[in-house]
Each structure stands twice: as C-alpha cells, then as structure tokens.
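Here the protein sequences line up with chains A and L, keeping their order.
Read the first sequence against the working numbering and you will find it ends at 660, with the numbers running on by one and no gaps.
Read the second sequence against the working numbering and you will find it ends at 545, with the numbers running on by one and no gaps.
Any given hint could be a false lead.
Capping the alpha-carbon separation at 25 Å, the derived lysine to any residue pairs in SDA-like fashion look like this [stated by the list, open to error]:
hint	chain 1	residue 1	chain 2	residue 2
1	L	Lys86	A	Ala409
2	L	Lys55	A	Thr641
3	A	Lys601	A	Glu510
4	L	Lys86	L	Pro148
5	L	Lys349	A	Gln521
6	L	Lys493	L	Gly415
7	A	Lys406	L	Asn56
8	L	Lys453	L	Gly415
9	L	Lys99	L	Pro150
10	A	Lys439	A	Phe648
11	L	Lys234	A	Thr641
12	L	Lys439	A	Leu558
13	L	Lys439	L	Gly397
14	A	Lys406	L	Pro154
15	A	Lys406	L	Lys349
16	L	Lys439	A	Gly522
17	L	Lys389	L	Asn479
Taking beta-carbon pairs under 8 Å as the criterion, some of the chain A residues facing chain L (in silico) [stated by the list, open to error]:
hint	residue
18	Thr436
19	Val469
20	Ile507
21	Thr554
22	Asp614
23	Thr616
Hints were generated in silico from the structure; no laboratory data involved.
Where a beta carbon is used, it is the ideal one built from N, C-alpha and C, also for glycine.
Spelled out from the first residue to the last, the chains are:
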Amino acid sequence: MAFFKSVISKLKKGLERTRETLVTGLRSMLLGRRLDEGLISELEARLLQSDVGVKTTARLITSIREQFRAGKIESGDQVLEFIKTDLKNLWPPADRELRTAAPGAGPTVILMTGVNGVGKTTSIAKLCWLLRSQGRTVLLGACDTFRAGAVRQLEIWSERLGVDLVKGQQGGDPAAVAFDACAAAKARGVDVLILDTAGRLHTQDSLMRQLSKICGVVNRQIPGGPHEVLLVLDATSGQSALRQAEEFSKSAGVTGIFLAKLDGTAKGGVVVAIRDATSIPVKFIGVGETPEDIETFEPAAFVDALFSA
Amino acid sequence: MFDRLTDTFNGLFKKLSGQSAISEKNVADAMDEVRTALLEADVHLQVVNDFCERVKQDALGRQVTKSLKPAQEMIGIVHERLVELLGGRPMHMPKALAESGELAVASSVYAAGEEEPPIPRISPGPTIIMMCGLQGSGKTTTCGKLAAYLKKRGRSVMLAAADLQRPAAVEQLHTVAEQVNTDLPGGAQVHFYSEPDKVAAYGKAVGVAVGVCQRALAAAQRQGVDTLILDTAGRLHINDELMGELEQVRRFVQPHQVYLVVDSMTGQDAVNSAKAFHEKLEIDGVILTKYDSDTRGGAALSVKHITGAPIKFVGIGEKLDALEEFHAERVAGRILGMGDVVSLVEKAQEQVSLEDAEKLQQKMAKGEMTMDDFLSQMRTLRKMGPLKQLLGLLPGVGSMMKEVNIDDKQLDRLEAIVCSMTKAERRSPSMIDTPRRRRIAAGSGTQPNDVGQLVKQFETVNKLSKQMASMTTSGKMKAMKELGSASPDPGFNPFASRGSTHSSSVKDRFKKRKR
C-alpha cells in the first residue's frame, strides 16, 4: 500500500503543473456554468493550447456540440465528465504492460529511441531503476556512439545504479555495439537488456535506416527482440511528436511511449493526438531528474490528476 | 521545415488566383485555413489569432477585393505580416516578386535589407555570451556551433563548461571544443575552460556554477580571447533555485548577450518557458535548434512575439557547421514558397571565389569544361550542404521536392566514376569506349551503363552551355526547356542510378508542372 501511496503522490506532484496551467483552468472554466456556444469556443481554445492537436480538438468539440444541440449536455460539469471519460477510454489496460520475452527464451530487449534531447539517457536510468527495484537484473548497451559524451553519460548512470554496461568506440557502428550487448546479455543471463541509441531526427533517412539495422541485428541475436521499442517523447513537444511517432514506427516498430519531462509546465497533451492517430500506447512517464522519478502510465490517474484540483 | 505551412499558403493563393473577384467571405474562409495550418505548426493560439486578425484587417483595409490581382495582393500582405511576426522590419514586397518569383528580382530585393552582425563585438573584450534553456534543447551542441561560427570569422573563443549537473556534460563540451578547434575552418583558436572537480549530481551543486563562470571570465581575460561562451545546465523555468543561479551568473559575470536556446519542435508551452526565462534574465536573442526536423517550427513564430527578442540563429543539422543566421524576410519567403535565393548565393560565396567562377564560365562558354571541372564543381556544391536543403532554397522547388529523397550517396557514386578515369579521359570524355567504360565501372564499383550515362549527360551539358553562351535570354529559356523535355536520353538526370525510383518522380512532376 505504501508503494501505491508514493506512486500517487509522485504522480500528483509531477502533474501539478499540468493541472495548474491548462486543466485547472479547464475545470474552473467549466464547473457551474451553463453550456453555450461561447463556452464551447473557449473550450476549443483551451484544448488547442494543451497540444492535443487540431484534429483531436475538432473531434471532441464536434461531439460536444452535437450532444449540446441534441439537448444531452447542458452544463459545464457534464462537459468535463464527457472529456474525462473520452480520454480515459483512449488507453485500455491491456496494451500498457511492458512486453517481455517468453519465459526461458533469453533476455528481454528494450530499445530506447527518440529525437535529440528528449531525455533518452535519463529515461534509461529511470527504467533501469524501476526494473531493478522489481528484482530484475539489467544490462545496458551504449549504442549512442555519435554524440560527444553520450557513452560517458550512460556510464556514469550505470556506476550510480550499479549495473553493467557494454560500450564500443566513439564514432563506431552502433549496430556492432548492439550485437556485442546482445551476446553479453545472453552469456551473462540477465533478465533485461536496455539499448540506448543516438538521438536522431525522424526526417533523416539514413539515420532512420541505421535504426532499422540495429533492430535487425538484435532480432537475429535474440529472436523476438527487441521486445519493446520505446519512443521517448518530450512532454513539451508539439504536433511534431505525431510525425515522430509515425516515422519511428515505420523504421523501428515503436511499441510504446516514454513521456519524459512531465515536471515542467508542459501538458504532454500531444500523446492524446498520437493515440488518436496511431494507437501507440503510453507506458511510462518521467516526472523529475532522479532515477526514482518514473511511473507507469495510468490513464485513470493521469486524467483524474489532470482534472482533480 | 515549414513545409506544411508552405503547402497551405500555396494552395490558398492558387485558389484565390483562380477567382476574378474575391469577396469578404473568401478572405475569411482563407484565413480559417491559415489559422488551422498555423495551429498545426504549433504556433501559439494567441499569436495565431493576432496574426489572422491583422491580415484580415489589412486585406479589408487595402480593399483587396477590388484589386485587379487579389491573390498577389494577399501574398503581399501575408508576407509582410509574417516578416513582422518573425521579427524583421516590415517592408513592401514588390508585386513582380509575388507573381514571378524570378531569381534576379528576388536577390535584389532581399539584399537591400542587411543589418548589423548578429553577435556584437565588445571592446575591450571578451564579449561574453551566456546560453540558457530547458533540458535537451541543444545548448551544448549550439555552443560548439557558435564557436565554429566565430572561429570562421577570425574571432577566438573560450567555451566554459558551467553545466555541472548533467552527467558527462563537461566531457561533451570538451570534445566539441576540440573538434571545432581542430576540424573546422577559420584562423582563430578555440579554448576550453572547466572545473571537473565541481561536478555533482542534479540539484547538488546549485550556485557553484556562478564561481566557475567568474573564474572562466578571468581565464578568458588572461588569454585575451575575443568571445567567452558560458554553457549553463538545462533547467526548468519553474525551478526557482536553478533560475536563481542563472540570475546570479548574470549579475556577477554580466554577459553582453544572453541567448535562450529553444527546440523548434516545442509545442504551445514554448511561450511559457520563453516568457519565464525572459522575465528572469532579459534575453537578448533566441537560437532555434533542430530546425531541420520537419514541417513545424511554430515556436519560431511565437517566441519572438512573446519575448520581443530577435531570433538570432537556427541550428540546421548534426554537424558543427550547421548553424545559420536567421533572416526574417528570407524565412517568410521560404514559408510562402518563394525560395531563398540570397541564402543560396551566400552559401556559394563562402565556397567559390569570384575569380574561379569567372574562369569556369569562360570555359563553359567555349564548351571546354572537363570532367575535372565537373568534379571540383560537384565537390564545391556538396560543401554547401545536403543537396535537398540547397534545392529547397530555390523558388518553387521546395514544395516540389518535399517527398523526394535525394540520397547524397548517389553523388558519391558519380565522384567515384570520375575518379576512376585517367587524366586523358577526364580531358576528353569522348574517347571513352566500351573497354574503357568497363574498366571505369570496375574501378568505381558501378555498372558500365552508369559510366556511359554520365559521359553522355556531360557532353550534352557541355554542348548546350556553349550554345547558350551565344543566346539571348529568351533563347536560353527555350534551350533550358528543350533540355528538360527532349533530352537525348530519357534517363537524363545526374541523380539517376540503378534501383532508384525517386529521381524519375522529380522529373515526372516537373514535367507535369510545365504543361
């Protein structure tokens, strides 16, 4: 129980800003008011400002307007309920679990990807901490051979967290590091292998092909892998994240989103747009700078925390 | 960047130009589409609404509806307001430009608006620049790019590592500083200052950076460097403690320029963080990073509007020389699909001297261009940046090139072919017969066909350029058209290669447009 308590309090802490900026606004804007066209366009503006995207906003507004004209929705309270239910239903529980290798089938491989500067390495430290606290053994593979200092950054985390790291030459072939890491993971019999990759813009074809190659190398070494390809998204990012999700899915078959930097004023609303367009689920959220600042994504808690203040 | 916006504007203007008369309703409908496009590009809602309102007012005020060429008039208004939004001086765009987008006009118009250098030089030095921003916005990389920019202009730089929080941030800056110092062009030195023993875990070393910055300044003065760049740790704008640290650095070191580094993929929240940083630090300029990402970049439009601080630079690639000065008029032109010829010319001027260019022109006029000239030309071109980026600067080409992938590797192949030729073959490619073709193909890892194609294309170009030198302008245009439609070989295309369908689609679409 204590664990759950800490989860909820942390989630709330992380989401406080989110609530304050947009959603408290949304709440105080809606509660106790009669619905009219003026309120609907206010609502539209608020939704747009939360990065949920033009399409999703249009979808929500259209159905609210329809129900308003049909006399089904009359008050702001009902609108709030409607939005909450709609958003919660977006993420059914089934697809939020971390995928693992079949028992006895060797290590589970998690590949972390994303554009530059979204927080991949820090998110790996968090994931590593979470898995270790669940009693699983972890090995890290430093496949970001491009950015200066990236390997060292991961190395420092591995020292702090007390896990092993497989690394290669700066400027070397990341697929080769992935190969070595897979071999080491098998030989040492670890539960989970987490691979860090270099940040790359989804518009750079050659780098996206390199990512496909890494996936292929992993798959040949460990059949079924990578079991989980997590796209790390910056909560501050706008509609570009939608394209990121689409492009990374094409190259690496993204299985889930790690939503990082939720402790800022940003709303991370773009995951709603992504879910609407691509069906990629959110699996984890990052809510701070230390490795413990990770939570599994709980849509009910997410949306409730969003609207509870 | 901005591709979708460009598409929307292009579609709109096309729609409007099809109408002989435009009603107020047409304008309103058009602005609705613009609004959606801007929102999808992550421009802040308030900024979008302001922008649309102003354009609408202008349009009605200038009685666009009664104008003879309403679409052109609208482009003019939108261009003006975009320039304003992006932080440039509003100016009138000649109608000729809006209609034709002709190169000569474009360059003369844009070249008129030159301003002071983006980074002022303070005397006595060093000029102090402080970088700040959220985590992951790209501060450290941008520090390296700025150092490269200054080095190229003969200004010595010291990079100071004041990010004591992120693991390995100091090492990263050190590596970057060394790379710039050894690998990038320019006569000046790039120094590095750090105090590795002061590094601590996140939130543990708050305030220490102030001392580091002061000592970095002392070191910079001792060594007499021209510019000192302080790389600070990424921080959330709502972390009072860390923001306080930056305020202290500002107070004790008194940087001449404070730059906020902003990720161009940021959403609506860009405004919140920019505002917070500006309130605490009074930023002097904004640097937009990851500008090469894709269609968006609405943050560019919002941040200027909210802070009033100009956008100084944009980061356009992974390499350390991928930093460009930001020019509002030019970017507005790019958004409206008018290309950016001035930037293209500047890029060319950085690589080619006037003398060389004249020499080559004379050779071409006589039809004496050799494969060696071709090779050196191609290498110069490639130094200017990825081909796709360059082509995007040409009026009208940007939107055409959107879905086309130009693989610069195909150019590698062309280079390999030329390099596998003997000196004699390069001078007179016509001597290349079947056995020679085979040898060259084997030497360059290509097929004999590829070699044949390159030679044929080369000869066609040589012949045409000789003819064109003696033609009038209209004759030249005609010749260009012939070159496009009736080339001797249906596969005429320097980028064509085996197994690639990309390049043929450029040609096809180009043809369609011509009809």
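Consistency of the hints with the structure:
1. L:Lys86 x A:Ala409: With a Cα-Cα distance of about 23 Å, the restraint between lysine 86 (chain L) and alanine 409 (chain A) holds, given a limit of 25 Å.
2. L:Lys55 x A:Thr641: Roughly 55 Å separates the two Cα atoms, so the pair is violated.
3. A:Lys601 x A:Glu510: Since the Cα atoms of lysine 601 (chain A) and glutamate 510 (chain A) sit roughly 34 Å apart, the hinted pair is violated (cutoff 25 Å).
4. L:Lys86 x L:Pro148: With Cα atoms ~33 Å apart, lysine 86 (chain L) and proline 148 (chain L) exceed 25 Å; violated.
5. L:Lys349 x A:Gln521: holds, 16 Å
6. L:Lys493 x L:Gly415: violated, 28 Å
7. A:Lys406 x L:Asn56: OK: lysine 406 (chain A) and asparagine 56 (chain L) at ~23 Å, within 25 Å.
8. L:Lys453 x L:Gly415: Since the Cα atoms of lysine 453 (chain L) and glycine 415 (chain L) sit roughly 28 Å apart, the hinted pair is violated (cutoff 25 Å).
9. L:Lys99 x L:Pro150: violated, 43 Å
10. A:Lys439 x A:Phe648: Cα-Cα ~12 Å, so holds.
11. L:Lys234 x A:Thr641: holds, 12 Å
12. L:Lys439 x A:Leu558: Holds, at about 13 Å.
13. L:Lys439 x L:Gly397: violated, 28 Å
14. A:Lys406 x L:Pro154: violated, 55 Å
15. A:Lys406 x L:Lys349: violated, 35 Å
16. L:Lys439 x A:Gly522: holds, 19 Å
17. L:Lys389 x L:Asn479: Violated, at roughly 32 Å.
18. Thr436: violated, 24 Å
19. Val469: Check passed: Cβ of valine 469 (chain A) comes within 6 Å of chain L, closer than 8 Å.
20. Ile507: This interface hint holds because 4 Å falls under the 8 Å limit.
21. Thr554: holds, 5 Å
22. Asp614: With a minimum Cβ separation of about 7 Å from chain L (threshold 8 Å), the hint on aspartate 614 (chain A) holds.
23. Thr616: holds, 5 Å
Hints 2, 3, 4, 6, 8, 9, 13, 14, 15, 17 and 18 from the list above are not met by this structure, while the remaining hints are.
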